[in-house]
Each structure stands twice: as C-alpha cells, then as structure tokens.
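Following the hints, put chain B in place on chain A, whose structure we already have.
Protein sequence lines correspond, in order, to chains A and B. Note that my numbering has the first sequence beginning at 1, numbered continuously upward. Note that my numbering has the second sequence beginning at 1001, numbered continuously upward.
What you were told as hints is all true, and nothing was included just to trick you.
Among chain A residues calculated to face chain B with C-beta under 10 Å, some are:
{"id": "1", "residue": "S329"}
{"id": "2", "residue": "I330"}
{"id": "3", "residue": "S332"}
{"id": "4", "residue": "H333"}
{"id": "5", "residue": "L335"}
{"id": "6", "residue": "P338"}
{"id": "7", "residue": "T340"}
{"id": "8", "residue": "M344"}
{"id": "9", "residue": "Q347"}
{"id": "10", "residue": "M348"}
{"id": "11", "residue": "Q351"}
{"id": "12", "residue": "V377"}
{"id": "13", "residue": "L380"}
{"id": "14", "residue": "E385"}
{"id": "15", "residue": "R417"}
A few chain A positions that, by computed beta-carbon distances, are all more than 12 Å from chain B:
{"id": "16", "residue": "N32"}
{"id": "17", "residue": "G55"}
{"id": "18", "residue": "R163"}
{"id": "19", "residue": "E201"}
{"id": "20", "residue": "W240"}
{"id": "21", "residue": "A261"}
{"id": "22", "residue": "T372"}
{"id": "23", "residue": "Q474"}
{"id": "24", "residue": "E497"}
Worth flagging that the hints you see were computed from the coordinates, not collected in a lab. Bear in mind the structure is a predicted one, so any value in this text is a computation, not a measurement. The C-beta atom is built at its ideal place from N, Cα and C for all residues, glycine as well.
Here are the chains, one letter per residue:
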Amino acid sequence: LANSKPKKAGRFPKPRQNRAKPTIKSKDKRKNMGLLSEVVQSIRDYGIFMLDPSGTILTWNDGAKHIKGYSEEEIVGQNFRIFYLPEDIARHHPDAELEHARKTGRYEEEGWRLRKDRTKFWASVVITRITNRRGRLVGFAKVTRDLTARKEMEERLRESEERFRLLVGSVKDYAIFMLDPNGFVMNWNEGAAQIKGYLSEEIVGKHFSQFYPPEEVAAGKCEFELEEATRVGRFEDEGWRVRKDGSLLWANVVITAVRDAKGRLIGFSKVTRDLSERKKAEDKLQKSYAGLERRVQERTRELSEANEELEQRERDLEEALKARDEFLSIASHELKTPMTSLKMQLQMLRQKTRPERNESPPPEKLTKGLETSLRQVDRLTKLVEDLLDVARASARKVSYRMESVDLGHLVRDVADRLKDQIEAAGCRVELDVEEARGQFDPFRLDQVLENLVMNATKYAAGSKITLMVRTSGQDADLVVKDEGRGIPPESLGRLFERFERGPNSQYVNGLGLGLYISRQIVEGHHGSIRADSEEGKGTTFTIHLPLRQPPLSHAQVAP
Amino acid sequence: MSKVVLVVEDDHDIRDAITEFLTESGFTIRSAENGSMALEVLRSGFRPDLILLDLMMPVMDGFAFRAEQLADPEIAAIPVVVMSADGNISQKQSKILAVDYLKKPLDIYHLVASLNKQLEK
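So that you can see chain A by itself, here it is in the shape it has in the complex (with noise of 0.2 Å):
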C-alpha cells in the first residue's frame, strides 16, 4: 500500500490484492476478499477510504463520494486534509489524528468536515491503523459517517432543552421543579423562589416534605402524593403550604410522574401555584355570604315579628271594632226601649185626653205637656241616633243594603209621611219627580232625604218645597229646593261637616249633625251632595247618584 503512487487510480480491490499478495494464500480466501471489496465499495452510507501513511488518499468507495461528493478521480492521491476545517488545519488536527491512530491503532471522534463544495458537514470518524506482516505501518484505514442529521437534531434538541429551561426556569408565577423518585428537589426555577422562599442552592438536594406543614407530614402525605402520582401518573391537590420563613399559602399542587423511554421512574415534576390570594378573597366572600345570610335571616326574623305583631294589632283592632260595634247596638237599644215605651205612654195618654174621647175636656196644661213631651222624646230620639249614626259612621260600621229602588216612589213615600209635619211648618211641598230606578239602599236614602226636608222644614219655614227626580244616562239627581233665607257664603263650605249648624240654629233641634251623615250615606252610594244657595232666595240640595253601584267592594260595605 504504501508503495502505491499517489495518483494512481485505482479501485479499492487492487490495494487490497496487492496487500493479499503477501498474506492470503489460499484461492478461496483470495475470492472471498474480492467479494468483501465488492460490498465495501457499494456500501453508500459510510464513507470508506484507505490512506498512505502519509495521508494521502488510495481508495473511494461509493458512500465517500456520496457524503463527500469527491469522484473517485478527483480525490484520490490527495492528502485527506482537504476535508478539515481550515482552523482544524491550522492546527495539525488532521495530523494529530494520524499520529494518535499510529500509536493506538485507532482514532475516533466527530467532527466538523467539509465537502467538496466546501459545505459542513458533521462527521463521525474512525480511523484505523493498519500494519503489516511486520509490524510496520502501511496506512490508515478511515469510515466516515455522515451525522449532520443526528448532529443537527441534537442541536435542535438541545436548544430547545435550553429554551425550556430558561422558559421554566424564569417563570415566576409557578413553583416549577423536580423530584427525584424519593422526593428530593433536583431542580428549582423562578417562581420557586418566589412563591416558597428558598434559593436553589438551599433548596436543592433537600426533600420536598419541607414544604408541607409538619402535621401532614406525619400523617404521611408527602409518600402519599408520590404513590399516587406514580399509580395514575399524576396528583393534583390544594391546600395549604409552608415557605421558608414558615408561613403559609394556600396552594395548587400538580405532581407528574416522569418516566424515561423505557417507562422507568426517573422523578416527578412538581408545579405549584400560589392561591393564597385567591383563597384570600374567596374566604373574605364566603364570610361576607355567611354575613349576609345571617343579616338576611335576622331582618326575616324582625319582619315575622314584625308581621306578627302587625297580625295582633289587626286582631286587636278588630276585635275593639267589633266590642266598639257591639257597644253600639246596646247603646242603640238600651236607650230605645226606654224611649219606645216613653213614647208609647205619650201617645197614648194624648190620644185618651182628646176631646172627642171624653166627656169633659181635659185641661189645657196637660194636652200641652203631653205635646210638648213627645216633642222632646221625639227630639231625644234624633239626638239619639244622630249621635249613633255618627259613632257608626267613625267607626266604619254604616252598612248599606242595595236593592233596586225608585227614586221618584221613595221621594213621595218621604213626602207623603213628612206631610204633617211639613204642612205644621208652613211648607208646601211640590213635586217634579220622574221613576228613577237604581241600585240604592232605600232606609239610608230615605234617612237622607227625610233629613233634607226636614231642614227646610226648619230652615225655610213658610216656604215652598220642591222635590225633583231627574235622571240623565247612568245618573240621578235628587233635588230638595226651599225658597227659605238662604244660606251664607261663608257657611256653604262647612256645611257637610260634622257639628256645623245653619245659623238660625236657635230654632233647630240637633246636633248638626244631619248633613255631616247624608253626605257619609250618599257618598256610600259613590255619589255627592252639595249644596247651592243665594241668600234670601233659598237653597237647594242635589244629590248626584249612579244607578248602578259598582261591583261589590269595601267601600259599599264601609263607606
């Protein structure tokens, strides 16, 4: 080999023979080696070359040209320098490399090579003495590999190892880091340092208990975790955690196992999150929920007592209404039968002293004390019910009674029994009435109407009086005309007030309290009353009344 020319080309095979000469005896084993130079020069994916001792390139196999890109023409007879680095060059490597494959028999590294178009390439090589008989070298033997590939994803590998370390490594939000299978910290990042206090170089190599307060420690939940994170490959839990300076935070903790290729057990990564803000806020909500439940059950409460009370009061109300409308009935009969019999005995006592009933004529004094009685009973009686008509009517008690009535037929049942009074006053009454039919209670409007005349009666002595009944769409108006003195301005505003009295009251019995309780029965009937006067011309009464009353309510029932 080594006395081969240097530019000679040459297949891998005549070295080869040329070196077998000497050493291979046999035919067989001469073939075979031909064949074996057959396969070595096909071989596309090494690069597979002898040198001289020198250097110098004597053979080129396929793979070499492939990787390299030199025919077999161009490189062989050059010095195998031409595939290092100028800086490798520089400084003997290639040289180096020989010296040290001469004195070991062989050589290994990888490397930066170029190609022939001066390209980089990451190369694995493995040069190989060869002596011979004698021990004397006679060359090199050199496989190259062609590890860019590898070389570039390795690269790419390790960069992006970096990134992520760096990544992990500054991130500040998260406790990032490692456990080694028992549960020692192997790694600590940023976030570790902030969230639990220590500095990688404390933390670093101690066990990871440290961070869990001693009485969950004790209870073995550290081992726990760990089982569990390496039976499901991952435990996730909150709660709270200890920092270097002893106090606590609340935590988010995510253990995952972390195997290698092969399923091993090589640690676990740990990543923690500080929730004690968010604990913090979502403690401070619940106690305020706590605090508004409990200010919400203690104003339910207030008002249930409140409404209970409220509950007592209106069943105390009712029931002093119901004593109070008690009280009134007594009162109503108890000072009513004493008067009915009063009255009876007057009246009866009157009609037996008349004159055409006795023989001799009774004494003046006692007709006139009998007349002047039932004058009195009479005016006592009013007094009476006024009085309780008024007690009923404060006390919301006055009920009305609707039926359908004829407000023409009721005013001349009025007139026809206030005859005789009307007719002692004076009065004359006329009539100008139309049927009015209507929804009323007869007793109350009649009261009224009684009421009314009787006023002109007192009021308007002497008087004409005219009744009208006039209706006009869903309404009546029930008219009382005296053409008495009339009343003054200023009394008409008070006139339906209670206690208020015309102003020639010396004549009237009462408590004037007659208008004050027609206008409480009329307005019962969802209608009004006023009245019109001019003085010295009379006055006149008008009651406005719907015919029909609306749908039953309260307001009938207690105007």
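What follows is chain B alone, placed relative to chain A:
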C-alpha cells in the same frame, strides 16, 4: 172578625203598651217575651194573622226565632213585622225576611198603619 197578632217583645212596658194600644185599636193580641216562648205558643197550635217581632231579646232573639219559624212549614207562612231599636238594620234585613220593618221608638200611628196595610193584603 178582629185580626190576631202575636207580639214578641222582651221589654215588659213596651209589650204592655203595644198590647193595650193594639187591643184598643181592635186587634186580638197575644204576647210572648222572647223567641223561644213565641215558638212554644205557635207550636201549641196558636195561629196569629201576623207576628210583631222584636229583634234583640234574651233567650232567643228575633233572628233565631225567624230561622226556626221558617224551618217549620206549619208556621213559616205567618207574616212578620219587625221592630228594632237598631238603626243599622239594613244588612240584617235580608236575613230576617220581614214584610215590614219598624224602627224604635215606635210611633203608634205608624204601627197601626203598618199592621193594617199588611193584614189587608
């Protein structure tokens, strides 16, 4: 033939006055001092032409009497004129179903007029 009236009134003086006056006015009067006694009289077979009924009475009041009377077909048809001291009778009127209603204090002339009117019917 004079008309027969049953007067049901608890007050002794009023009962006597009514009895005296109506008798003088030509009525035949029988009286009872409460609803219960009136029922007793009626159930013993007495059949007046009309009943003059007070409302507020001890033992059995006018309302209870009317309820019993109306429930008894033998006597249900006898007309009733009510007399009451209660000025606030309107709402009670529907329950009592009287042919007439007289307010106390009674006016004897009104009383006679009412009875004559009802009995003429």
